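Trainee: Here's the letter readout for the chains.
Protein chains: 2
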Amino acid sequence: MADKINFERLTAVAARQAIDAGTLTAGRLLEACLERIDAREDDVRAWTFLDRAGARKQAAQLDAGPSRGLLHGIPLGVKDIIDTHDMPSRYGSPIYQHHHPQWDGASVALSRAAGGVVLGKTVTTEFANRHAGPTRNPLDLEHTPGGSSSGSAAAVADFHVPLALGTQTGGSVIRPASYCGVYGYKPSFQLIGNAGVRTNTEALDTVGLMARSVDDLALFKAALTETPYIAIDTPPLSSLSIALCRTPYWDRAADESRRALEQTAELLASAGATVTELVLPGEFAGLEEAHRQICAFEILRNYADELRRFRELVSDDFITQRVVLGEQTTLEMFREAIMLGERCRSWLDRWFAERRVDALLTPSAQGEAPRGIAFTGNVVFNFLWTFLYTPAITLPHFTGPLGLPVGVQLVGRKYTDQHLLNVASSVAGLWS
Amino acid sequence: MADKINFERLTAVAARQAIDAGTLTAGRLLEACLERIDAREDDVRAWTFLDRAGARKQAAQLDAGPSRGLLHGIPLGVKDIIDTHDMPSRYGSPIYQHHHPQWDGASVALSRAAGGVVLGKTVTTEFANRHAGPTRNPLDLEHTPGGSSSGSAAAVADFHVPLALGTQTGGSVIRPASYCGVYGYKPSFQLIGNAGVRTNTEALDTVGLMARSVDDLALFKAALTETPYIAIDTPPLSSLSIALCRTPYWDRAADESRRALEQTAELLASAGATVTELVLPGEFAGLEEAHRQICAFEILRNYADELRRFRELVSDDFITQRVVLGEQTTLEMFREAIMLGERCRSWLDRWFAERRVDALLTPSAQGEAPRGIAFTGNVVFNFLWTFLYTPAITLPHFTGPLGLPVGVQLVGRKYTDQHLLNVASSVAGLWS
Numbered sequence: 001m002a003d004k005i006n007f008e009r010l011t012a013v014a015a016r017q018a019i020d021a022g023t024l025t026a027g028r029l030l031e032a033c034l035e036r037i038d039a040r041e042d043d044v045r046a047w048t049f050l051d052r053a054g055a056r057k058q059a060a061q062l063d064a065g066p067s068r069g070l071l072h073g074i075p076l077g078v079k080d081i082i083d084t085h086d087m088p089s090r091y092g093s094p095i096y097q098h099h100h101p102q103w104d105g106a107s108v109a110l111s112r113a114a115g116g117v118v119l120g121k122t123v124t125t126e127f128a129n130r131h132a133g134p135t136r137n138p139l140d141l142e143h144t145p146g147g148s149s150s151g152s153a154a155a156v157a158d159f160h161v162p163l164a165l166g167t168q169t170g171g172s173v174i175r176p177a178s179y180c181g182v183y184g185y186k187p188s189f190q191l192i193g194n195a196g197v198r199t200n201t202e203a204l205d206t207v208g209l210m211a212r213s214v215d216d217l218a219l220f221k222a223a224l225t226e227t228p229y230i231a232i233d234t235p236p237l238s239s240l241s242i243a244l245c246r247t248p249y250w251d252r253a254a255d256e257s258r259r260a261l262e263q264t265a266e267l268l269a270s271a272g273a274t275v276t277e278l279v280l281p282g283e284f285a286g287l288e289e290a291h292r293q294i295c296a297f298e299i300l301r302n303y304a305d306e307l308r309r310f311r312e313l314v315s316d317d318f319i320t321q322r323v324v325l326g327e328q329t330t331l332e333m334f335r336e337a338i339m340l341g342e343r344c345r346s347w348l349d350r351w352f353a354e355r356r357v358d359a360l361l362t363p364s365a366q367g368e369a370p371r372g373i374a375f376t377g378n379v380v381f382n383f384l385w386t387f388l389y390t391p392a393i394t395l396p397h398f399t400g401p402l403g404l405p406v407g408v409q410l411v412g413r414k415y416t417d418q419h420l421l422n423v424a425s426s427v428a429g430l431w432s
Numbered sequence: 001m002a003d004k005i006n007f008e009r010l011t012a013v014a015a016r017q018a019i020d021a022g023t024l025t026a027g028r029l030l031e032a033c034l035e036r037i038d039a040r041e042d043d044v045r046a047w048t049f050l051d052r053a054g055a056r057k058q059a060a061q062l063d064a065g066p067s068r069g070l071l072h073g074i075p076l077g078v079k080d081i082i083d084t085h086d087m088p089s090r091y092g093s094p095i096y097q098h099h100h101p102q103w104d105g106a107s108v109a110l111s112r113a114a115g116g117v118v119l120g121k122t123v124t125t126e127f128a129n130r131h132a133g134p135t136r137n138p139l140d141l142e143h144t145p146g147g148s149s150s151g152s153a154a155a156v157a158d159f160h161v162p163l164a165l166g167t168q169t170g171g172s173v174i175r176p177a178s179y180c181g182v183y184g185y186k187p188s189f190q191l192i193g194n195a196g197v198r199t200n201t202e203a204l205d206t207v208g209l210m211a212r213s214v215d216d217l218a219l220f221k222a223a224l225t226e227t228p229y230i231a232i233d234t235p236p237l238s239s240l241s242i243a244l245c246r247t248p249y250w251d252r253a254a255d256e257s258r259r260a261l262e263q264t265a266e267l268l269a270s271a272g273a274t275v276t277e278l279v280l281p282g283e284f285a286g287l288e289e290a291h292r293q294i295c296a297f298e299i300l301r302n303y304a305d306e307l308r309r310f311r312e313l314v315s316d317d318f319i320t321q322r323v324v325l326g327e328q329t330t331l332e333m334f335r336e337a338i339m340l341g342e343r344c345r346s347w348l349d350r351w352f353a354e355r356r357v358d359a360l361l362t363p364s365a366q367g368e369a370p371r372g373i374a375f376t377g378n379v380v381f382n383f384l385w386t387f388l389y390t391p392a393i394t395l396p397h398f399t400g401p402l403g404l405p406v407g408v409q410l411v412g413r414k415y416t417d418q419h420l421l422n423v424a425s426s427v428a429g430l431w432s
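Top line first, the protein sequences correspond to chains A and B. The UniProt record's numbering numbers the first residue of the first sequence as 1 and each following residue consecutively. The UniProt record's numbering numbers the first residue of the second sequence as 1 and each following residue consecutively.
It is worth saying that the hints were derived from the structure and are not from the lab. These figures come from a predicted structure and were not determined experimentally. Every residue gets a Cβ at the ideal spot worked out from N, C-alpha and C, and that includes glycine. Do not take every clue at face value.
Not close to chain A: a few residues of chain B, all C-beta gaps over 10 Å, as computed [unchecked claim]:
id: 1; residue: G27
id: 2; residue: K57
id: 3; residue: E202
id: 4; residue: Q321
One-sided and incomplete, this derived list gives chain B residues near chain A with beta-carbon spacing under 8 Å [what the hints assert, rightly or not]:
id: 5; residue: G54
id: 6; residue: S315
id: 7; residue: D316
id: 8; residue: I319
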């Protein structure tokens with residue numbers, strides 16, 4: 001007899017409660033996820049590797065023992081730019097087709113230590129840059145899921161797993177989460193250990209999370225930082241101070257993103273929140289070029305080995321968008337770009353401290369996911385917050401003209417991630 | 001007939017000139033280095049792996065072709081915390097005894113791209129932390145070479161290679177260079193790509209260099225940053241503005257370090273340099289504890305895999321000095337520590353800009369290398385400059401009561417590395 005309950009649709013927090021209550025097992029949850037994957041993966045193509053046997057074995061062990069931690073029995077996906085000791089780690093590149101690292105990346109090891117069941121590796125663009133993988137947007141297979149954490153966003157959106165790991169150097173967590181209609185969280189810089197992540201840049205790379213609720217993000221964050229789990233404490237909407245931030249790039253936002261933002265601001269104001277506006281100082285407009293220069297300068301050097309020994313296996317996209325620009329970027333330009341980031345971070349941090357604003361409200365992406373899967377979308381509404389080290393969360397409650405998801409992004413003060421999660425929970429309540 | 005010229009004693013710049021002039025070949029230089037290693041390695045134990053055959057093959061290829069770049073034909077050592085695609089990478093840990101990564105770290109690949117001959121891997125303490133390897137100080141085998149870049153300092157000091165790569169999270173380049181009497185250079189944060197370096201911390205890890213002259217450091221830096229080589233431009237001593245910085249930890253400096261510093265200051269003043277003093281604000285005293293907290297917090301998490309799967313193979317030193325402290329360090333403490341660093345960096349950068357000081361003069365280490373090889377020395381005069389992102393160079397021109405080397409350290413304004421190299425060359429001229 002078929003199940004009446006679609007366990008694969010549970011959030012991680014709900015699944016954990018069911019497992020704790022004895023109404024669900026890790027094994028049963030896993031099988032529900034695997035059935036969903038079997039039904040959908042040919043279309044969605046979210047995974048580069050699935051370890052069914054390993055996951056089943058781990059689930060059985062978890063079911064046989066006491067609770068192992070915050071993620072006990074929760075299946076999750078790992079972006080294939082993060083190493084796993086028992087699965088291939090291909091980084092979206094044919095150079096690493098047969099690459100089996102000896103270790104788990106820090107975020108993988110901490111997920112496992114908390115009882116998480118690593119089900120497999122999810123598609124990344126080549127080296128978490130621009131050259132797309134095969135993943136399609138589960139809400140419309142003709143559209144990109146976004147990138148570079150393409151498979152993680154698609155897998156969570158399509159109910160393959162409740163949680164997945166991503167990384168963001170520009171917009172690689174927030175944008176695909178927005179395109180696929182899930183919750184994405186790019187933490188403050190240096191919150192989650194990056195050991196075992198293939199390095200793009202020291203200056204920007206950030207491990208991030210995908211889930212289907214804000215509570216799940218908080219749970220996952222606690223496991224990944226090996227810190228006590230603090231359940232979401234939702235502040236009343238009327239207590240919030242939110243600043244609309246159109247950014248210097250507002251003219252590049254599609255109508256659906258502008259409307260989503262403005263409607264959210266109206267809803268917040270109606271609910272009694274204080275809604276103001278932040279116009280970033282003129283200097284911030286330079287961050288787009290500065291971000292591109294830092295990526296190009298660092299990536300050219302951090303891939304020196306691949307470019308020296310396997311250049312013919314590197315994509316044209318990588319060469320034209322990273323290597324060529326990297327060769328044109330001098331050390332002085334790189335340093336100026338780093339220092340511009342430092343000044344803008346300092347300005348924004350003082351602004352948050354003085355204005356006592358809880359979060360900025362800003363677009364998650366230009367608009368809906370573009371048609372086609374070769375182009376994973378523009379980074380224009382994401383790189384700022386990576387560069388500024390601020391925590392960012394995308395909430396998935398709007399749709400665009402094609403019926404595809406449109407997120408709105410909340411950005412908090414640097415290093416106040418838990419507060420931003422609380423605020424995000426409160427704002428998400430507008431639509432519940 | 002025996003050589004009259006000890007080629008292994010040449011600096012990299014001198015060797016490059018001889019190779020360019022046709023009076024030396026890469027093969028000949030390599031054999032001189034290998035002979036020196038054969039004579040000394042049983043005592044010094046600087047290497048975990050030597051690739052004689054590979055190096056000979058590479059040298060022969062270089063000798064058969066045109067100049068390949070800045071390091072054409074120069075043998076070098078790679079600290080065994082940095083990956084190499086053709087040699088084991090053991091990180092000073094039995095966990096990785098049979099570890100063969102598929103790639104070259106960025107610094108290794110860039111050395112090779114510039115024609116450098118990677119001769120082998122040099123001893124690191126366990127995971128570039130405190131648990132010492134077998135290396136001895138070549139100037140007195142009963143003493144530590146310092147750490148964690150133990151083998152790189154010893155190999156350069158003992159004329160095994162003219163250049164070696166190290167890394168510094170606390171004092172792992174400057175201190176061993178000081179103890180072994182070579183030039184060590186810890187660049188500004190994020191100058192040299194860290195891809196392929198086993199991550200300790202995102203906040204602090206810095207790839208650094210060892211050599212036997214300031215000119216060699218400049219040459220090596222250009223190769224490792226893939227930027228044009230700018231030969232040292234030595235400013236006149238009389239034009240320099242140098243500030244003596246005793247740091248909040250002066251009472252922990254041994255007499256020999258104090259004397260080295262004060263004598264250098266006197267020599268500089270006699271030569272017409274402006275010598276002032278910087279007393280760091282009180283807040284800086286907190287950086288010692290903050291540095292320790294950042295290391296402990298990040299290392300606990302970045303080694304989550306090793307601690308989960310191979311805890312019995314991790315040293316007691318690592319457990320007591322990193323893991324236990326890491327477990328006691330909350331996220332709030334970590335964030336406070338990061339923010340203290342940001343404030344102090346900002347203060348020091350403004351100070352440099354306002355005072356137009358060329359460099360700080362400060363101890364390289366407490367004093368001579370301690371006796372015994374189990375303890376690699378105290379980090380107290382090093383962590384500040386790692387944490388503050390400033391470039392630092394140790395110059396080896398003093399000896400202590402036991403006749404062992406005592407360095408003096410020059411520290412420059414963040415991101416002005418080439419200027420600091422120029423200043424270091426000028427100061428080194430005091431003793432030439």
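Trainee: For every hint, state whether the structure bears it out.
Mentor: Verification of the hints:
Annotated as non-interface, B:G27 keeps its C-beta farther than 10 Å from every C-beta of chain A; the closest such distance is 22 Å. Every CB of chain A is more than 10 Å from the CB of B:K57 (nearest about 16 Å), matching its label as outside the interface. At roughly 5 Å, the least C-beta separation between B:E202 and chain A is not larger than 10 Å, which violates its mark as non-interface. Listed as a non-interface residue, B:Q321 keeps its Cβ farther than 10 Å from every Cβ of chain A; the least gap is roughly 18 Å.
This hint is violated: B:G54 has a C-beta 14 Å from the nearest C-beta of chain A, more than the 8 Å allowed. Interface hint status for B:S315: violated, as the beta-carbon distance to the closest one in chain A is roughly 18 Å, over 8 Å. Because the closest C-beta pair between B:D316 and chain A is about 21 Å apart, greater than 8 Å, the hint is violated. Checking B:I319 against chain A by beta carbon gives a least distance of about 16 Å; that is not within 8 Å, so the hint is violated.
Hints 3, 5, 6, 7, 8 from the list above are not met by this structure, while the remaining hints are.
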